[in-house]
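S.K.: Assemble chains B and C onto chain A, guided by the hints.
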Amino acid sequence: MLAGIPALVVALVATAGCSSSSASSGPGASSRPGGDVTLNIVAYSTPAPAYAELIAAFQKTPAGAGVKFTQSYGASGDQANAVVNGQEADIVEFSLETDMTKLVKKNLVASDWNTGQYDGFITDSVVSFVVRKGNPKHIEDWPDLIQPGLKVLTPNPFSSGSARWNILGAYGAVKKAGETDAQADDYLTKLLKNVPVQDASGAKALTDFVGGAGDVLISYENEAIYAQQKKQPVDYVIPDDTLLIQNPIAITTNTKHPAQARAFLDFLYSKAGQKIFADNGYRPVVDGVTPAGKPFPTPPGLFTIKDLGGWTAVTTRFFDPDNGVITKIEKSLGVSTTK
Amino acid sequence: MSRPRSSAASARRSGLGIGLVTLYLSLLVLIPLAAVVWKSQSEGFAHGWAQVTAPQPWAALKMTLAISAGVALFNLVMGTLIAWVLVRDEFPGKSVVELLIDLPFALPTVVAGFVLLSLYGPSTPVHVDIAFTRVAIAVALLFVTLPFVVRTVQPVLIDLDRDMESAAASLGAGPALIVRRVVLPNLVPAMLTGAGLAFARAIGEFGSVSLLSGNLPFHTEVSAVNIFNQVQSDNPAGAAAQSTVLLAIAFVVLFGLDVLKRRSARHG
Amino acid sequence: MVDTVAPVAVAPVAVVGARRRSAGRYSLRLVVLGYLAVLLVVPVGMVFFRAFRHGVGPIWSSLTTGDARSAIAVTVIVAVSALVLNTVFGVGAALLLARRSFPGRRLLDVLIDIPQAVSPIVVGLALVLVYGKFGVFGGWLERHGVTLIFSLPGMVLATAFVSLPLVVRAVAPVLAELGDEQEQAARTLGASTWQTFWRITLPSIRDALAYGVVLSLARSLGEYGAVTIVSGRVLGKTLTLTLFIDDRLQNFDQTAAYSAAVVLALLAMASLLVSRRFRSRARRNV
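In the order they appear, the protein sequences are chains A, B and C. Residues 167 to 505 (my numbering) are what the first sequence spells out, left to right. Residues 3 to 270 (my numbering) are what the second sequence spells out, left to right. Residues 393 to 678 (my numbering) are what the third sequence spells out, left to right.
Hints are supplied without guarantee of correctness; some may be wrong.
[As the list claims (entries may be wrong)] PhoX-like, lysine-lysine: derived pairs with alpha carbons at most 25 Å apart:
1. A:LYS268 / A:LYS422
2. A:LYS303 / A:LYS317
3. A:LYS303 / A:LYS460
4. C:LYS525 / A:LYS356
5. A:LYS437 / A:LYS271
6. B:LYS64 / A:LYS359
7. A:LYS396 / A:LYS317
8. A:LYS494 / B:LYS64
9. A:LYS441 / A:LYS317
10. A:LYS497 / B:LYS263
11. A:LYS234 / A:LYS359
12. C:LYS525 / A:LYS494
13. A:LYS397 / A:LYS441
14. A:LYS494 / A:LYS317
15. A:LYS422 / C:LYS525
16. A:LYS299 / A:LYS271
17. A:LYS441 / A:LYS422
18. C:LYS525 / A:LYS341
[Said to hold, decoys possible] Below, a sample of chain B positions facing chain A; criterion: calculated Cβ distance under 7 Å:
19. ALA10
20. PRO57
21. PHE134
22. ASN217
23. PHE220
24. ASN231
Quick caveat, the hints were computed from the structure, so don't treat them as lab data. Positions of the beta carbon are idealized from the N, C-alpha and C atoms, including for glycine.
Chain A extracted, bound-state conformation (with noise of 0.2 Å):
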């Protein structure tokens, strides 16, 4: 009996080394176009639909013929970590920018994956409301969003990307339509009130908004199109003044196929990987891609991120867990509302 322990512990130790080896195909393998070779994908939690597709697609090239992926999504954050402890990873996709340098932070992305021709961009999308279907209260801009007693749903911007979009959205909104700080802050207490559940990622608010909750859900344009290409009854409304998303995605510095993985990187922006995004519901960053579906609309207020002073600034002034303002909003909400 005691005698049976050893033997389970090396048995651990065999699968252990079993799932490790394989992903890896030894030191001379990367070099073989195709053969016995594994793309680990990490990315944020939507995606998922868009890469199975890609996958397919890319597959069926020269290049990517015999070529094998494993694919993991979660919130964007959460995803950064696991990569950072050790999850293995050869191409990877986030929500927002400071995710990526987590990464670049680790040395396990380069730093200069943003230094290329689409800024190390793989996609874009805008901060969008969904809606009932018939949009039956009304929402067309920002300050419908505060009315009192109206349910707005928006993830927990402290672990969720898409949150940190949705509220920098609406402050780079309300400060276009001439506002000030105070005025912007005093928006952003009014908007954070009507929110009745914070989920951890974007792709669970709308998995709440969908099941029943809220009335309006500041989400991307993308999850608004995959919940209607799913038959959800919903409708979405892309405000005149709004934010441009833009995902980041990168090779790691660690990959075992550097070759293969930059051939899926070159077909995701190619015209054919950018159709199949854009079938998705994320707009191409890649001139003259036209989705399958209605073509994407301008907003004629379009910002991006650079005009709201970068992400650095923004993380440290609105999302510092000591002193950021929407931390010391939410505080404040916590104590003033009874539920």
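M.R.: Relative to the frame of chain A, chains B and C by itself:
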């Protein structure tokens, strides 16, 4: 109990057994937990404590402890009542109820949350929508801690000597008095143990609460959810610090109850 | 029916008391059953109702997709591996606790119960801190090509952690009550340690062991919080059924989510039924 073996071979085998058991326990449980405690002060005690007392985690901790204590107290009463009915009452379908009591033990927590959400959430068919409120946290916790008091009290009730009760009855004592003076004192140690276990379980609950509560910071975010967010936002020191506090509280409660139990066993 | 009043031997005042007690009994029963219905029975019933609303067909098809089948396979592999580890440990520790005295026995006894008091999230964090890439042992293991976290072995560890005490606590009391006269007799007759264990000890704890194993399996199948952190969520490889539910909900695949929930609920109930049978048999044989 058996006499200790005297042969050297037996002692060696014992030693090997103890060594292996301790090794397994250490590798799997003790060292990882020690790592959590160590990590919480890896940047200094002050930093660790600051992580715990920062506004959001502190609010989560206070609320978690308060609701868990309330749930434990509620279970103290309700669990005893349930055990009473299961032991002293008879009705058709009792064996089914007996079986169902244990369901929260065996059911995955995320399924528990899912189950409660489908009935008492936004798509409720009975017009009861308590999702995303503190009530929801309490309901989720009541669900997962249901069996604790029941299962610790039940064996004591079963083994209880009924003669004392009949004697009291024949002396004219009413049922309420009998329960209070004769039955309850015997049950109190088991009730407290069950409530303590329920409390320890409740403060660490994640799966069901995360689905049902909405996780609103400063309002419906429990400690386990906050710790999870800290882990995923690459703040292991903060996560570890909060975890250490939760661990310490759970241990204090369980050991405290153990001491109470031994003391009442000696005097009772 | 036991509700009828006891026969004539009871004093007259007790008859009136019995009727009052009956009323009290009914209201108590009502309160208890009502509480259980609202908290337990109706919600679980609702999930079954929603799952089976359109018949068994959709359930079957959503559970036989590639992703569903891998989730089931992963769940089973992880649960069984954790079970094997904990059963070997459990029997060994139970033997030590029940049959041997050694310095630190009481400490071991207490330590074994620790997993019950630890939040599953803390379990995940603890394992990552030690066995993750930058962990205490993780770095060393990584250099030797062994990855534990974000792959199956890490999930086995997390699952083993949370179900650690269950086999021990089922078997140890039985071992203690049984005493070791039979084993001693066997030794005197010349049986080896292994033979004694296999032929005498193991059969004597069979029912208690089965009870512990079933409980442990049920706990392992249902683990969520700890595996959320160590899993890596690799589709088809490290998604358990519980994580699969999460994944399906987020893809608006309510049918698949409900189906998986129903499967887990049924497994939970089946394990309860089976475990109770073993527990009562174990009690009877002691």
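S.K.: Any hints from earlier that this structure breaks? Give me their numbers in increasing order, please.
M.R.: Per hint list: 4, 5, 9, 10, 11, 12, 16, 17, 18, 19 violated.
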